[in-house]
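Enquirer: Two chains, two separate frames, one set of hints: put the complex together.
Taken in sequence, the protein lines are chains A and B. Going by this note's numbering, the first sequence runs without a break in its numbering and finishes at 242. Going by this note's numbering, the second sequence runs without a break in its numbering and finishes at 415.
Among the hints, erroneous ones may be present.
[To be verified] Only pairs whose alpha carbons sit at most 35 Å apart, straight line, appear in this in silico DSBU-like list of lysine-lysine:
1) K123/A / K402/B
2) K80/A / K8/B
3) K8/B / K125/A
No lab work stands behind these hints, which were simulated from the structure alone.
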Amino acid sequence: MSTPLIIVQNLCKTYDSEGVKTTVLCGADFTVAKGEFISIMGPSGSGKSTLMQILGLLDRPSDGKYLFEGEDTTNFGDDKLANFRNRKIGFVFQSFNLLPRTTVYENVELPLLYDSKSGRDNKNKVLAALSSVEMSHREKYFSNQLSGGEKQRVAIARALVNNPDVIFADEPTGNLDSKSGLQVMKILQHLNNEGHTVILVTHETYTAEHAKRILQMKDGHIVGDEPVKNRRIAGDGEKFLK
Amino acid sequence: MKLTAPLKISYRNLMAAKFRSFLTVLGIIIGVAAVIIIMAIGQSAQALILDQVSGVGSNLIGVLPGASSSNGPPAAAMGIVITTLTYDDFLALTDGRNVSEVSVGAGYVMGTQTASWNGTDLTSSFVGTTANYPEVEDTSVASGRFFTHDEETNMGRVAVVGSNLVQDLFGGASPLGKTIKIKDQNFTVIGVLAKRGSSGFGVSSQDDSIYIPVITAQKLILGTNYLGFIRLKAKDPSVIPEAMADITTTLRERHHINDPSNDDFSVRDQASAMTTIKQVTDVLRYFLLAIGTISLIVGGVGIMNIMLIAVTQRIREVGLRKAVGAKNSDVQTQFLIESVFISLLGGIIGIVIGVVVSFLVSVVAQALSYSWPFLVSWQSIVVATLVSMAIGIVFGLYPARKASRISPMEALRYE
Numbered sequence: 001m002s003t004p005l006i007i008v009q010n011l012c013k014t015y016d017s018e019g020v021k022t023t024v025l026c027g028a029d030f031t032v033a034k035g036e037f038i039s040i041m042g043p044s045g046s047g048k049s050t051l052m053q054i055l056g057l058l059d060r061p062s063d064g065k066y067l068f069e070g071e072d073t074t075n076f077g078d079d080k081l082a083n084f085r086n087r088k089i090g091f092v093f094q095s096f097n098l099l100p101r102t103t104v105y106e107n108v109e110l111p112l113l114y115d116s117k118s119g120r121d122n123k124n125k126v127l128a129a130l131s132s133v134e135m136s137h138r139e140k141y142f143s144n145q146l147s148g149g150e151k152q153r154v155a156i157a158r159a160l161v162n163n164p165d166v167i168f169a170d171e172p173t174g175n176l177d178s179k180s181g182l183q184v185m186k187i188l189q190h191l192n193n194e195g196h197t198v199i200l201v202t203h204e205t206y207t208a209e210h211a212k213r214i215l216q217m218k219d220g221h222i223v224g225d226e227p228v229k230n231r232r233i234a235g236d237g238e239k240f241l242k
Numbered sequence: 001m002k003l004t005a006p007l008k009i010s011y012r013n014l015m016a017a018k019f020r021s022f023l024t025v026l027g028i029i030i031g032v033a034a035v036i037i038i039m040a041i042g043q044s045a046q047a048l049i050l051d052q053v054s055g056v057g058s059n060l061i062g063v064l065p066g067a068s069s070s071n072g073p074p075a076a077a078m079g080i081v082i083t084t085l086t087y088d089d090f091l092a093l094t095d096g097r098n099v100s101e102v103s104v105g106a107g108y109v110m111g112t113q114t115a116s117w118n119g120t121d122l123t124s125s126f127v128g129t130t131a132n133y134p135e136v137e138d139t140s141v142a143s144g145r146f147f148t149h150d151e152e153t154n155m156g157r158v159a160v161v162g163s164n165l166v167q168d169l170f171g172g173a174s175p176l177g178k179t180i181k182i183k184d185q186n187f188t189v190i191g192v193l194a195k196r197g198s199s200g201f202g203v204s205s206q207d208d209s210i211y212i213p214v215i216t217a218q219k220l221i222l223g224t225n226y227l228g229f230i231r232l233k234a235k236d237p238s239v240i241p242e243a244m245a246d247i248t249t250t251l252r253e254r255h256h257i258n259d260p261s262n263d264d265f266s267v268r269d270q271a272s273a274m275t276t277i278k279q280v281t282d283v284l285r286y287f288l289l290a291i292g293t294i295s296l297i298v299g300g301v302g303i304m305n306i307m308l309i310a311v312t313q314r315i316r317e318v319g320l321r322k323a324v325g326a327k328n329s330d331v332q333t334q335f336l337i338e339s340v341f342i343s344l345l346g347g348i349i350g351i352v353i354g355v356v357v358s359f360l361v362s363v364v365a366q367a368l369s370y371s372w373p374f375l376v377s378w379q380s381i382v383v384a385t386l387v388s389m390a391i392g393i394v395f396g397l398y399p400a401r402k403a404s405r406i407s408p409m410e411a412l413r414y415e
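Just chain B, same shape as in the assembly (with noise of 0.2 Å):
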């Protein structure tokens, strides 16, 4: 038998019955386009956020205050506030006596004020960091300078701003040489920073933040003596585990810790960070994967369902097609290709639905100004293609023997 022949039946039956044809596929056409939304989405986001944390470096280590599991997250991640790392702690990590095998540095204190310029009020994430600062993040001042080691040390009254506020505070004029408020301390405008883009999902990037030197952050501003947390740049990734054992060494022996379980303190890679990341959002991606599987089955059970009422509104086509000369596995063909077909087209139209929305989640998501990439992988679309078919297969299956065993003879009675 030709394949064309059961093609064009399928296609005149599902045009004859259109809602009922519609409502059919719906099951498939959702599933599939949640697959590939879900991939893509997740492939997405897993991108953005990689390349947010690569970005800043693949040889940095952290450090931050309070202990930890090395699986588990940092109580310092938890929101929970500790004081135990400090700026001398900071010096001690970047001197080469201490941990050889770094070669730059950063300290940070993190918060949240209103920054003043001339009648605007904005408010704003602050950083209060150390001179090397753009060196730890891999980044540039686009134009002015960062503030140096003797205004980090003397409690120079300097910001360095974000790309974005150039806009939000000083409405677009250069901001180099202005005086800005902040908790009515004046700072003087001494560098923008280069655009680096949203690391999205809510956290202030780099653009929208205020960078003054670490001691007057704590002292004029948040009023402490500790340091949120320090990133140390290894001279080489190889060497990432040493410097990690002398740093774990050097803050031991300044906070006098004998027993590690008292360590005060975390040492986390960047590699390490990385993988975490990439475990959270593959389990995450493969439970939403999980659910879209289940809308796919769901969708397969309604096509066997419509393919068994099928074979029964059609048993004297049956019949007749038998009395004319189909054998079993004829008419076993007929139904198959009819099922598959159906979900075929539902997958297709998943496919196609999928991929126009994964697009418009980018469109929507890069004009929230996030770098958020669109990608949907061919092996998805692939994937999601031979799934519908097998679906299409496997639940038609039993429809199409169902059909393919009945009696010429009494189909052909069937009222």
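Next comes chain A alone, as it looks inside the complex (with noise of 0.2 Å):
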């Protein structure tokens, strides 16, 4: 069996705030195949957006072990992240996150920019990235030409531009309405479908049934981890894969 993407060991995350100490996240222990699609679940304050944020490398653990394709993560130096993050990790936010005053494909082309191997075919990448997310003629929009849902998938195409191993989305239907987070789900499901790990974030049962595991969380300790029965697959017409 080849190593998982993701190997968590009894995580956790203390923050100091004036000698006030609060743990958010303890104990953290699970692993993440190449091609999963996990949902972690929870309510406010449970503790699933610190443990996004460390798995995509936007923070550090205080203590135990995080190992990213083999390597523990731990050690690593603000750019060794920064460089992991751009070139193995996508990132779709609830709010978009896109750049103002600036147009889609340069938002797509915005991970390129820091990529230091990147360079010739930018250009046919960002393009392929609008396409799988049904965004090419909206190309030479700017951001706020665009609607909720048109932003979210702007906002997918970015995190699939540089084709990183796994993607993060935090409650990437959280700001849209039922039928923009309905085509969301549906291009998670189809990254997925085309091999890429998917990390979803969301409070929402119904919208965590999308993924093919639940990890879910409550007070920062991670209390059940099961594959989900009743698997939703978004489309025309809801329906549920038996």
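Expert: Here it is as structure tokens:
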């Protein structure tokens, strides 16, 4: 069996604010294999966003081990973390986080600008990413000219453009109407079908059920880790996959 | 990271808030324009003054009545009337037996009087001088002739007029042979001096003056028997020190002075006068430059302020950039490029304004018949460009470092 993409061992995160220590994540232990689609689910304050930020190398754990593709990331310097985020990780945020006054094309191109190895085929990569989220026709639009659903699709294209090993989606449907939300889930499922690993953070059971596996969180602990029995398949007329 | 991307972003950010951007760069625009204008006007003014002074020859020695220290201005320059220098002194100093190094000299008295011709009155400055005036002042007569030594000593009632007077007093007609009245005395105009150009700064120039024999001026118009000053031309610039020593000796003998501290005259050469003028104008220029620099610093603080605001306003953008792989150095570079872009833009606009204003000043000055050169040195443009870039770097560094140190996780959470 090949090495899991992610191995997490006893992961903890404690914030120290003026001497007051708050533990928001403790004892997380799990692995993620390549090609999985996982939902991290839990109520507000359960530590799911903190877990995603650590997994996404945006934050460092206070304790424990986090191996990404077999490499221990806990000792990475800032630049190496940035490099990993750039080449191996794609993010989709609840609030889209597109750059204002910047075109759709330029927003999607952004990760490539920070990749020293990219260059010549940037244009093809951007156009391919836009095509995969069906946003090619909006290439020259500015981000403020798009609807919420379109913005999130552009954000997914940006997450995809560097062909990352894993896509992290933090409440990607949270700011969208149900139709746009469904469209986003459809794209994420499609990407997963194509082999991308997807890790989704949500507080909605309905959204979480689009994944193949759910990590349930409560008060900073993982309290459940089970495959989804009745997986939802996003599309025209929601279907269940038995 | 490519350089064009942050440039594009800063351009768009600037354009998105045009008025704010304008206010941001205004400090730099004013500072740079001020520096360029000050440098240009200072240089032009200095060139004009030095040109005027050197125009009368670098081997001139001035003898002024009244003592002075070698550094300070002579009393006569302060408008104090001192009567210790006479026409006989002039004769003694131009006598080769006393001062062998002097080739030629002229004595001067000056005043202002109303000159009239054919019902036209003109308040004009007049110069009572000696026959060698054109030779001493390196000037020539455009038409007619200058007065002779005989006319000088025999109180000839003849006048030579500056070129501007042809128009101002005679309405463009040839003045030669015409009789003008100065203080109820008739003078026959015998010559017109060649045009020399204005010396500027309110000093009436050769072109606006009337020249009459010195003794005539003393006796008939001023009622005095002393000279305002004497100018002597050394045979060669290298003999000026010896000439000045001989002049001093001659005058001490004539004025019965044994103790040098009792000197009632001052001897100055052109070179030291030029050095003094250059020193004075340089000090003035650097003083104004310092003021311009203060404006640049204030402009820099403005940029720093706006960049700090930008860092706070764009904290989520910083977070996002870091999330997609921007290193700390990438973020720092981007904010630095933006601040340099802003300050450089201000610098370029400032340079253009500075050059245009300096050009307009020279056009106006030339229209007022000053021989005012349009001088904008490439050094001042290079310096202004570099300084504005440096301001962008210096005042942009702190905000840029601040931005680069933001944790991506906190930045993305920022509301």
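Enquirer: Are the hints correct? Go through all of them and say.
Expert: Hint check results:
no. : hint            : result
1   : K123/A / K402/B : holds (33 Å)
2   : K80/A / K8/B    : holds (27 Å)
3   : K8/B / K125/A   : holds (21 Å)
Comparing the model with each earlier hint shows no violations; every hint is respected.
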